[in-house]
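Enquirer: Next come the chains, spelled out residue by residue.
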Amino acid sequence: DVKVTQSSRYLVKRTGEKVFLECVQDMDHENMFWYRQDPGLGLRLIYFSYDVKMKEKGDIPEGYSVSREKKERFSLILESASTNQTSMYLCASTRYSNQPQHFGDGTRLSIL
Amino acid sequence: QKEVEQNSGPLSVPEGAIASLNCTYSDRGSQSFFWYRQYSGKSPELIMFIYSNGDKEDGRFTAQLNKASQYVSLLIRDSQPSDSATYLCAVITGANSKLTFGKGITLSVRP
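As you go down the protein sequences, you meet chains Z and B in turn.
Numbering-wise (our numbering), the first sequence opens with residue 1 and increments by one.
Numbering-wise (our numbering), the second sequence opens with residue 1001 and increments by one.
Keep in mind that the hints are not guaranteed to be accurate.
Once the Cα atoms are required to be at most 30 angstroms apart in a straight line, the calculated DSS-like pairs of lysine-lysine come out as [said to hold, decoys possible]: (1) Lys13/Z <-> Lys1042/B; (2) Lys1098/B <-> Lys55/Z; (3) Lys1056/B <-> Lys55/Z; (4) Lys70/Z <-> Lys1098/B; (5) Lys3/Z <-> Lys1098/B; (6) Lys18/Z <-> Lys55/Z; (7) Lys1056/B <-> Lys1103/B; (8) Lys70/Z <-> Lys18/Z; (9) Lys70/Z <-> Lys1042/B; (10) Lys1067/B <-> Lys1098/B; (11) Lys57/Z <-> Lys1098/B; (12) Lys1042/B <-> Lys55/Z; (13) Lys3/Z <-> Lys1042/B; (14) Lys1098/B <-> Lys18/Z; (15) Lys3/Z <-> Lys57/Z; (16) Lys1103/B <-> Lys13/Z; (17) Lys1098/B <-> Lys71/Z; (18) Lys18/Z <-> Lys53/Z; (19) Lys1042/B <-> Lys71/Z; (20) Lys3/Z <-> Lys1103/B; (21) Lys57/Z <-> Lys1042/B; (22) Lys1103/B <-> Lys57/Z; (23) Lys18/Z <-> Lys1042/B; (24) Lys1042/B <-> Lys1098/B; (25) Lys53/Z <-> Lys1098/B; (26) Lys1056/B <-> Lys57/Z; (27) Lys1056/B <-> Lys3/Z.
Read the hints as simulated data drawn from the structure, not as lab findings.
Pulled out of the complex, with its shape left as it was, chain Z reads as follows (with noise of 0.2 angstroms):
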């Protein structure tokens, strides 16, 4: 089975924080995602990745960075944290596009 691991299920951080989100897969798959979900809005894609040192931005980059320098590791940065990115964020993999992602359990992420 697909293990993907997300190194917090809760965190609560402040205003102006940077903040790291850390993602691990352990099935040597190519592609990565990070999501946010938020009540009535669904889980939108935040940023992925194809390969090593590869980005693409999602559909809400925006306050949000991300680092892949190995295969198994995807992080997301919060640059400077701020309420409105109080949040489930939830990471994904991979190993073909059109295959299904499957899921981390979800870092619940408060921001003061």
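Mind docking chain B on chain Z? Use the hints.
Expert: Below, chain B alone, put in the same frame as chain Z:
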């Protein structure tokens, strides 16, 4: 323009009934279709995927795809209280193979 649409719900069915969940999509070139189940406070879990027109069955679940009408549906037979969750339809769209999710429909199965 919404790319993937699901009925807003919620949907309530009695235990043992068939639950029918529907989804329409706007990109006629879409090739891959998925249904995810999400329990409250948990992450989405893949339950079905379908690539070809017609029906695909897996246990109590059947996915149905009609590309001409641009809809995909999920049937849950013999619904159980444990099926109570939000169901997300997802479609691969566009030239960059982006996975687009519907907003989900909440299913409640009454004992």
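Enquirer: None of the hints should be skipped; say for each whether it holds.
Expert: Right, here's what the structure says about each hint:
1. Lys13/Z <-> Lys1042/B: Given that 30 angstroms is the threshold and the Cα spacing comes to 21 angstroms, the pair holds.
2. Lys1098/B <-> Lys55/Z: holds (14 angstroms)
3. Lys1056/B <-> Lys55/Z: Between Lys1056/B and Lys55/Z the Cα gap is close to 34 angstroms, so the pair fails against 30 angstroms, i.e. violated.
4. Lys70/Z <-> Lys1098/B: holds (22 angstroms)
5. Lys3/Z <-> Lys1098/B: Holds, at roughly 22 angstroms.
6. Lys18/Z <-> Lys55/Z: holds (20 angstroms)
7. Lys1056/B <-> Lys1103/B: holds (23 angstroms)
8. Lys70/Z <-> Lys18/Z: holds (21 angstroms)
9. Lys70/Z <-> Lys1042/B: holds (27 angstroms)
10. Lys1067/B <-> Lys1098/B: At roughly 18 angstroms apart (the allowed maximum being 30 angstroms), Lys1098/B and Lys1067/B satisfy the hint.
11. Lys57/Z <-> Lys1098/B: holds (11 angstroms)
12. Lys1042/B <-> Lys55/Z: holds (27 angstroms)
13. Lys3/Z <-> Lys1042/B: holds (15 angstroms)
14. Lys1098/B <-> Lys18/Z: holds (28 angstroms)
15. Lys3/Z <-> Lys57/Z: holds (24 angstroms)
16. Lys1103/B <-> Lys13/Z: The hint holds at about 28 angstroms.
17. Lys1098/B <-> Lys71/Z: Holds: Lys1098/B and Lys71/Z sit about 20 angstroms apart, inside 30 angstroms.
18. Lys18/Z <-> Lys53/Z: holds (21 angstroms)
19. Lys1042/B <-> Lys71/Z: holds (25 angstroms)
20. Lys3/Z <-> Lys1103/B: holds (25 angstroms)
21. Lys57/Z <-> Lys1042/B: holds (25 angstroms)
22. Lys1103/B <-> Lys57/Z: It holds: about 21 angstroms lies between the C-alpha atoms, which stays within 30 angstroms.
23. Lys18/Z <-> Lys1042/B: holds (25 angstroms)
24. Lys1042/B <-> Lys1098/B: Measuring from Cα to Cα gives roughly 23 angstroms; hence the hint holds.
25. Lys53/Z <-> Lys1098/B: Roughly 19 angstroms between the alpha carbons, so the hint for Lys53/Z and Lys1098/B holds.
26. Lys1056/B <-> Lys57/Z: Judged against 30 angstroms, a Cα distance of about 34 angstroms means the pair is violated.
27. Lys1056/B <-> Lys3/Z: holds (26 angstroms)
Comparing the model with each earlier hint shows violations of hints 3 and 26; every other hint is respected.
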